[in-house]
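Asks: Sequence:
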Amino acid sequence: TTVNASEQNIQELVDTLVHKLDISTYAANNTYSTSEVDTGKKWIDGRTIYRKTVATGALPNNTTKTVAHNITNVSGFVRLYGNAYKPDNKVTIPLPHAHPTASSAVLLSVDPTNINLLTVSNLTVFSTSYVTLEYTKTS
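Numbered continuously in my numbering, the sequence shown closes out at residue 139.
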């Protein structure tokens, strides 16, 4: 087959891009696990961003629920998000959950040791919840 110069340049470019594509990094970007995962992403300071999903159980009844995340050497949290599931009608809400009625809102925060879920009413009907943390480490 005859290949002209521009086709050859395109093929060389494709070969270079395919060689540089790191499939394991792509897979890590799309992996959610209860173990720590290197996302392949970097924070603005150049540190690696890690991800871990924690099962946080039922939402609390008018209180703050704390769940240990068991992450060591955290430099800073970059992102936190999750969901809560109500099995009787299969409703899922995002965490944190903003709602026009404050009693249906769920506040989500994290500190060096725990994930904190705050409700001002009984939301235990959401019997399953997960929080995903993205963070950088000191070492």
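Don't read these hints as lab results, they were simulated from the structure.
Do not take every clue at face value.
[What the hints assert, rightly or not] When the alpha-carbon atoms are kept at most 27 Å apart in a straight line, the in silico DSS-like pairs for lysine-lysine are as follows:
#, residue 1, residue 2
1, Lys-65, Lys-42
2, Lys-41, Lys-137
3, Lys-137, Lys-42
4, Lys-137, Lys-52
5, Lys-65, Lys-52
6, Lys-65, Lys-41
7, Lys-65, Lys-137
8, Lys-42, Lys-52
9, Lys-90, Lys-65
10, Lys-52, Lys-41
11, Lys-86, Lys-52
[What the hints assert, rightly or not] Per label pair, the in silico range of CB-to-CB distance:
#, residue 1, residue 2, range
12, Ala-58, Ser-139, 43 to 49 Å
13, Ser-104, Phe-77, 42 to 48 Å
14, Ala-68, Val-14, 18 to 24 Å
15, Ser-104, Gly-46, 38 to 44 Å
16, Pro-96, Val-14, 42 to 48 Å
17, Thr-34, Thr-92, 30 to 36 Å
18, Ile-44, Tyr-85, 32 to 38 Å
19, Val-14, Pro-100, 18 to 24 Å
20, Thr-101, Val-14, 28 to 34 Å
21, Phe-77, Gly-40, 55 to 61 Å
22, Ser-104, Asp-38, 34 to 40 Å
23, Ile-44, Leu-13, 27 to 33 Å
24, Val-14, Lys-41, 22 to 28 Å
25, Ser-103, Thr-48, 38 to 44 Å
Where a beta carbon is used, it is the ideal one built from N, C-alpha and C, also for glycine.
Asks: Look at each hint and say if it fits the structure.
Replies: Comparing the hints with the structure gives:
1. Lys-65 x Lys-42: Violated. Lys-65 to Lys-42 sits at ~31 Å, over the 27 Å cutoff.
2. Lys-41 x Lys-137: Holds, because 13 Å separates the two Cα atoms, which is no more than 27 Å.
3. Lys-137 x Lys-42: At roughly 11 Å apart (the allowed maximum being 27 Å), Lys-42 and Lys-137 satisfy the hint.
4. Lys-137 x Lys-52: holds (13 Å)
5. Lys-65 x Lys-52: Status holds; Cα separation ~19 Å.
6. Lys-65 x Lys-41: violated (30 Å)
7. Lys-65 x Lys-137: holds (25 Å)
8. Lys-42 x Lys-52: Within the cut-off at roughly 16 Å; holds.
9. Lys-90 x Lys-65: This hinted pair holds, its Cα atoms lying about 23 Å apart.
10. Lys-52 x Lys-41: holds (14 Å)
11. Lys-86 x Lys-52: Roughly 23 Å between the alpha carbons, so the hint for Lys-86 and Lys-52 holds.
12. Ala-58 x Ser-139: 43 to 49 Å: violated (35 Å)
13. Ser-104 x Phe-77: 42 to 48 Å: violated (25 Å)
14. Ala-68 x Val-14: 18 to 24 Å: violated (48 Å)
15. Ser-104 x Gly-46: 38 to 44 Å: Roughly 40 Å apart at Cβ, these two residues keep to the hinted range, so it holds.
16. Pro-96 x Val-14: 42 to 48 Å: holds (43 Å)
17. Thr-34 x Thr-92: 30 to 36 Å: The hinted range 30 to 36 Å is violated for Thr-34 and Thr-92, with Cβ atoms some 19 Å apart.
18. Ile-44 x Tyr-85: 32 to 38 Å: holds (33 Å)
19. Val-14 x Pro-100: 18 to 24 Å: violated (51 Å)
20. Thr-101 x Val-14: 28 to 34 Å: Since the Cβ atoms of Thr-101 and Val-14 sit about 54 Å apart, the hinted range of 28 to 34 Å is violated.
21. Phe-77 x Gly-40: 55 to 61 Å: violated (18 Å)
22. Ser-104 x Asp-38: 34 to 40 Å: Holds: the Cβ-Cβ distance is about 36 Å, inside 34 to 40 Å.
23. Ile-44 x Leu-13: 27 to 33 Å: holds (30 Å)
24. Val-14 x Lys-41: 22 to 28 Å: holds (25 Å)
25. Ser-103 x Thr-48: 38 to 44 Å: holds (40 Å)
When each numbered hint is compared with the structure, violations occur for hints 1, 6, 12, 13, 14, 17, 19, 20 and 21.
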